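**Student:** Chain residues, written in single-letter form:
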Amino acid sequence: MSDITRTSRRDLLKLAAIGAAGVALPMPFITRARADNKRIAMVVKNLGNSYFDACANGAKQAAAEIGGFEIIYTAPTKATAEDQIAIIDSLIAQKVDGIIVSANDANALVPVGKKAASRGIKVISFDSAIAKDGRIMHLNASSTPLIGAKQVQMIAKTLKGEGEVAILSAASTMTNQNSWIAAMKEEWKKPEYAKMPLVATVYGDDQDDKSYREMQALVKAHPNLKGVISPTTIGIRSGAKAIIDGGLIGKVFITGLGLPSEMKDAVLKGACDSFAIWNPVEYGYSSTQIMINILNGADASAGKTVKMGKKGETKIGDDGEAAMGEPFEFNKSNVEEFAKIF
Amino acid sequence: MSDPSIHAPSSRYTVADHAPRKISAILLRWESILVMMLAAVIIGNTLKSPYFLDPFNLADATYNFSEKAIMALIMALLILVREIDLSVAAIVALSSLAIGYMGAAGYGPVPLIATGLAVGMVCGAFNGFLVTRSGVPSIVITIGTMSLYRGIAQVSLGDQALTTYPQHYLDLGQSYLFDWPPTPLSFFLFLLLAACFAVFLHKTAAGRQLFAIGANPVAARFSGIRVDRIRLILFTISGLLAGLGAVLLTARIGVMRPNIALGWELDIITMVILGGVAISGGVGTIGGVVLAVFVLGLATFGLALMNVPGIVINVLLGLLLIVSIAAPIVIRGQSGRR
Numbered sequence: 074m075s076d077i078t079r080t081s082r083r084d085l086l087k088l089a090a091i092g093a094a095g096v097a098l099p100m101p102f103i104t105r106a107r108a109d110n111k112r113i114a115m116v117v118k119n120l121g122n123s124y125f126d127a128c129a130n131g132a133k134q135a136a137a138e139i140g141g142f143e144i145i146y147t148a149p150t151k152a153t154a155e156d157q158i159a160i161i162d163s164l165i166a167q168k169v170d171g172i173i174v175s176a177n178d179a180n181a182l183v184p185v186g187k188k189a190a191s192r193g194i195k196v197i198s199f200d201s202a203i204a205k206d207g208r209i210m211h212l213n214a215s216s217t218p219l220i221g222a223k224q225v226q227m228i229a230k231t232l233k234g235e236g237e238v239a240i241l242s243a244a245s246t247m248t249n250q251n252s253w254i255a256a257m258k259e260e261w262k263k264p265e266y267a268k269m270p271l272v273a274t275v276y277g278d279d280q281d282d283k284s285y286r287e288m289q290a291l292v293k294a295h296p297n298l299k300g301v302i303s304p305t306t307i308g309i310r311s312g313a314k315a316i317i318d319g320g321l322i323g324k325v326f327i328t329g330l331g332l333p334s335e336m337k338d339a340v341l342k343g344a345c346d347s348f349a350i351w352n353p354v355e356y357g358y359s360s361t362q363i364m365i366n367i368l369n370g371a372d373a374s375a376g377k378t379v380k381m382g383k384k385g386e387t388k389i390g391d392d393g394e395a396a397m398g399e400p401f402e403f404n405k406s407n408v409e410e411f412a413k414i415f
Numbered sequence: 004m005s006d007p008s009i010h011a012p013s014s015r016y017t018v019a020d021h022a023p024r025k026i027s028a029i030l031l032r033w034e035s036i037l038v039m040m041l042a043a044v045i046i047g048n049t050l051k052s053p054y055f056l057d058p059f060n061l062a063d064a065t066y067n068f069s070e071k072a073i074m075a076l077i078m079a080l081l082i083l084v085r086e087i088d089l090s091v092a093a094i095v096a097l098s099s100l101a102i103g104y105m106g107a108a109g110y111g112p113v114p115l116i117a118t119g120l121a122v123g124m125v126c127g128a129f130n131g132f133l134v135t136r137s138g139v140p141s142i143v144i145t146i147g148t149m150s151l152y153r154g155i156a157q158v159s160l161g162d163q164a165l166t167t168y169p170q171h172y173l174d175l176g177q178s179y180l181f182d183w184p185p186t187p188l189s190f191f192l193f194l195l196l197a198a199c200f201a202v203f204l205h206k207t208a209a210g211r212q213l214f215a216i217g218a219n220p221v222a223a224r225f226s227g228i229r230v231d232r233i234r235l236i237l238f239t240i241s242g243l244l245a246g247l248g249a250v251l252l253t254a255r256i257g258v259m260r261p262n263i264a265l266g267w268e269l270d271i272i273t274m275v276i277l278g279g280v281a282i283s284g285g286v287g288t289i290g291g292v293v294l295a296v297f298v299l300g301l302a303t304f305g306l307a308l309m310n311v312p313g314i315v316i317n318v319l320l321g322l323l324l325i326v327s328i329a330a331p332i333v334i335r336g337q338s339g340r341r
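First to last, the sequence lines map onto chains A and B.
Numbering of the first sequence is given in this note's numbering, commencing with residue 74 and proceeding in unit increments.
Numbering of the second sequence is given in this note's numbering, commencing with residue 4 and proceeding in unit increments.
Don't read these hints as lab results, they were simulated from the structure.
Being a predicted model, the structure only gives us computed values, none of them experimental.
Heads up, a few of these hints could be off.
Stretches of chain B that chain A covers, calculated by requiring three or more beta carbons in the stretch to come under 8 Å of a beta carbon on chain A [stated by the list, open to error]: (1) 164 to 177; (2) 249 to 263.
So these bits of chain B aren't anywhere near chain A, every CB distance computed over 10 Å [to be verified]: (3) R15; (4) D63; (5) Y110; (6) P112; (7) S137; (8) G138; (9) F191; (10) L196; (11) F200; (12) V202; (13) I228; (14) A281; (15) T288; (16) G290; (17) F297.
Facing chain A, according to a computed beta carbon distance under 10 Å, are these residues of chain B, among others [claimed, not checked]: (18) H21; (19) S52; (20) L61; (21) A64; (22) Y66; (23) N67; (24) E70; (25) F132; (26) L194; (27) C199; (28) W267; (29) T303; (30) N310; (31) G313; (32) I316.
C-beta: ideal position from N, C-alpha, C; glycine also.
Whenever a hint applies, use it, and build me the whole structure from the sequences.
**Tutor:** Below, the structure is given as structure tokens:
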């Protein structure tokens, strides 16, 4: 009898130890918030994404520049709306001062955005917008006219304004690419591009192999082709590969929207002179600058102008959206540095 | 001779209702361990975060696990009878799709709710039909229907979303049922259903039949229990409650996307397993599952309050599950050797 009780007491001790370990385990991960700082949370689509990590670095730069602000960088493990709502709920519970969101779903985050607002928490969105009712304002990385114009300007600079140019797009049904191409054509009407005709627009469907073949076909169909604009990260990397593989370096140049990490080789080998995309560090920086200004009492309603620190200022449109600026240009001088980031 | 009444309980002519209740046996019950874990979670979180013990914060926290918890109740019964339903999250997606289309067509809250429940029930009944008729294990059948149901939602919507719902319907998921104590509808339904399930499983003859099936389905059938019929009913209820989950979740987030409730089946099974329901069947209580829901829900909320990254939370919950499942087995093994 006494033997049994002794055994179970030991068992209980073991269980207690396991329970204590379960509670103690999370301890190293906990960082105490300093109460004197205002806290801004940056909630992105999902964790483990170097693009968003770069945004968060920009946010921390902005906070360090001004001082007295602390950045909480967080995201759900799955890129779903309901997981993001749970994260924002916990931020509301902590009574953070401001929340900057890249939304997994524009509409699903409206109720939680309203709840935050009702408890005095400022909410803005960047990268991927929350619908109008759920946030104060949304910061776009750029705007359609600026993105379209920038790409035409880059190829004109490379070709010194002379030579046939084609467009290698994603699928013909893609809204983003189509609106950028329309903006390019608008820029193209200017007289300085008179000697640089647009000869073809082809679609690689955002698949590497199809984009690669479309690029090869373009060069065969247009022997005098000098430049290609690809307003998609997949088109530009496959097009650049086709130029390198086909021995066309120096004869045909590609530009467009690309990622530094994927375009580094093409730029260093000379298939691509320059390309552009928004700089995520600046994007996180500008969003955070706007949030800090809002927390300091700035008015960010439609029609007002808000400051973005070193990035100047931006005017908020009637839809409550603003643009950070023209896409950031990458070339031989900076591509290696940014290739490490995204 | 000593007083014979002292020896009466151990007389060979007496059959006791249950083994003598020892304090150690009660303390070593799984539910007691869960109560200790829950106390540890609450005390730990309260010490670590000043925002934890706030009725409104706790009420908001229940939003994020109540729908899963409702589905965990029926999953517990399925696992108890040696079945499993991996398609529950996909049924949520398909029911939510139907609700979304009804909302877009301009119907009111009642038709929306009825549609969600009906679609869920049909999906569940289809699972049950396949499992009982084919004799293929339910894990295989429901992996198939999981792809089928979510696939239908993905094919129908692609990267689009359904976002038109009547305001009265959205209010169900976004406002409190009672203002004090703040109680969301989903949490209230969970408590209500948990009480019903507990009474059914532990106080009725039909509930005992589930234990008999879980312990030995063949013996249960030869004892006159209609095993296949009960299985079919359980799968149908599983679909129905997934439909209820879809009704509540869609109202709460106000949007239907094909990735809605992605991965929930594993969260739900985690609740059931941590609740002490044996994956091999025949053992388990509703009380344990309810306690596990609170342990997991409050631990997740507390860790999120400390801004522990979600990936780390998953690692910790995984460790908690493994330790809590392995510990009793290891301890039992050691006691047995001695």
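**Student:** Are the hints correct? Go through all of them and say.
**Tutor:** Structure-based check of each hint:
1. With 4 residues carrying a beta carbon less than 8 Å from a beta carbon of chain A, the stretch 164 to 177 of chain B meets the three-residue requirement, and the given coverage holds.
2. Given as covered by chain A, the stretch 249 to 263 of chain B passes the check, having 8 residues with a CB less than 8 Å from a CB of that chain where 3 are the minimum.
3. The claim that R15/B lies off the interface holds: its Cβ sits roughly 20 Å from the closest Cβ of chain A, which is beyond the 10 Å cut-off.
4. Non-interface call for D63/B relative to chain A: violated, since the shortest CB-CB distance, roughly 5 Å, does not exceed 10 Å.
5. Separation of Y110/B from chain A is adequate, the least Cβ-Cβ distance of about 19 Å exceeding the 10 Å criterion.
6. Separation of P112/B from chain A is adequate, the least Cβ-Cβ distance of about 16 Å exceeding the 10 Å criterion.
7. The beta carbon of S137/B is kept farther than 10 Å from every beta carbon of chain A, the shortest such distance being approximately 32 Å.
8. Taking the minimum C-beta to C-beta distance to chain A, about 35 Å, the non-interface status of G138/B holds against the 10 Å cut.
9. Distance to chain A confirms F191/B as a non-interface residue, since its nearest Cβ pair spans about 18 Å, more than 10 Å.
10. Separation of L196/B from chain A is adequate, the least Cβ-Cβ distance of about 20 Å exceeding the 10 Å criterion.
11. No beta-carbon of chain A comes within 10 Å of the beta-carbon of F200/B; the shortest separation is about 24 Å.
12. The claim that V202/B is not at the interface with chain A holds, since no C-beta of that chain comes within 10 Å of its own (minimum 30 Å).
13. Residue-level check passed: I228/B sits 35 Å from the nearest beta carbon of chain A, beyond 10 Å.
14. For A281/B, the condition that its CB be more than 10 Å from all CB atoms of chain A holds, with the nearest at approximately 18 Å.
15. Annotated as non-interface, T288/B keeps its C-beta farther than 10 Å from every C-beta of chain A; the closest such distance is 18 Å.
16. Taking the minimum C-beta to C-beta distance to chain A, about 18 Å, the non-interface status of G290/B holds against the 10 Å cut.
17. Against the 10 Å criterion, F297/B stays outside the reach of chain A, whose nearest CB is about 15 Å from its own CB.
18. Taking 10 Å as the C-beta contact cut-off toward chain A, the hint placing H21/B at the interface is violated, the least distance being around 17 Å.
19. With a cut of 10 Å, the hint placing S52/B at the interface with chain A holds, because the nearest CB-to-CB distance is about 8 Å.
20. Interface restraint check: L61/B against chain A, minimum CB-CB distance 9 Å, threshold 10 Å, status holds.
21. About 7 Å separates the beta-carbon of A64/B from the nearest beta-carbon of chain A, less than 10 Å, and the hint is met.
22. The criterion of a C-beta within 10 Å of any C-beta in chain A is met by Y66/B, whose closest approach is roughly 7 Å, and the hint holds.
23. Restraint check, N67/B versus chain A: the minimum CB separation of about 4 Å is within 10 Å; hint holds.
24. A least Cβ separation of about 9 Å between E70/B and chain A falls short of the 10 Å threshold, and the interface hint therefore holds.
25. Taking 10 Å as the C-beta contact cut-off toward chain A, the hint placing F132/B at the interface is violated, the least distance being around 30 Å.
26. Taken as an interface hint, L194/B does not check out: its beta carbon lies about 20 Å from the nearest beta carbon of chain A, beyond 10 Å.
27. Evaluation of the C199/B hint against chain A yields a violated restraint, the C-beta minimum of about 26 Å exceeding 10 Å.
28. Taking 10 Å as the C-beta contact cut-off toward chain A, the hint placing W267/B at the interface holds, the least distance being around 9 Å.
29. Because the smallest distance between the Cβ of T303/B and any Cβ of chain A comes to about 8 Å, under 10 Å, the interface hint for this residue holds.
30. Because the closest C-beta pair between N310/B and chain A is about 5 Å apart, less than 10 Å, the hint holds.
31. Taking 10 Å as the C-beta contact cut-off toward chain A, the hint placing G313/B at the interface holds, the least distance being around 4 Å.
32. The closest approach between the C-beta of I316/B and any C-beta of chain A is roughly 8 Å, which is under the 10 Å cut-off, so the hint is satisfied.
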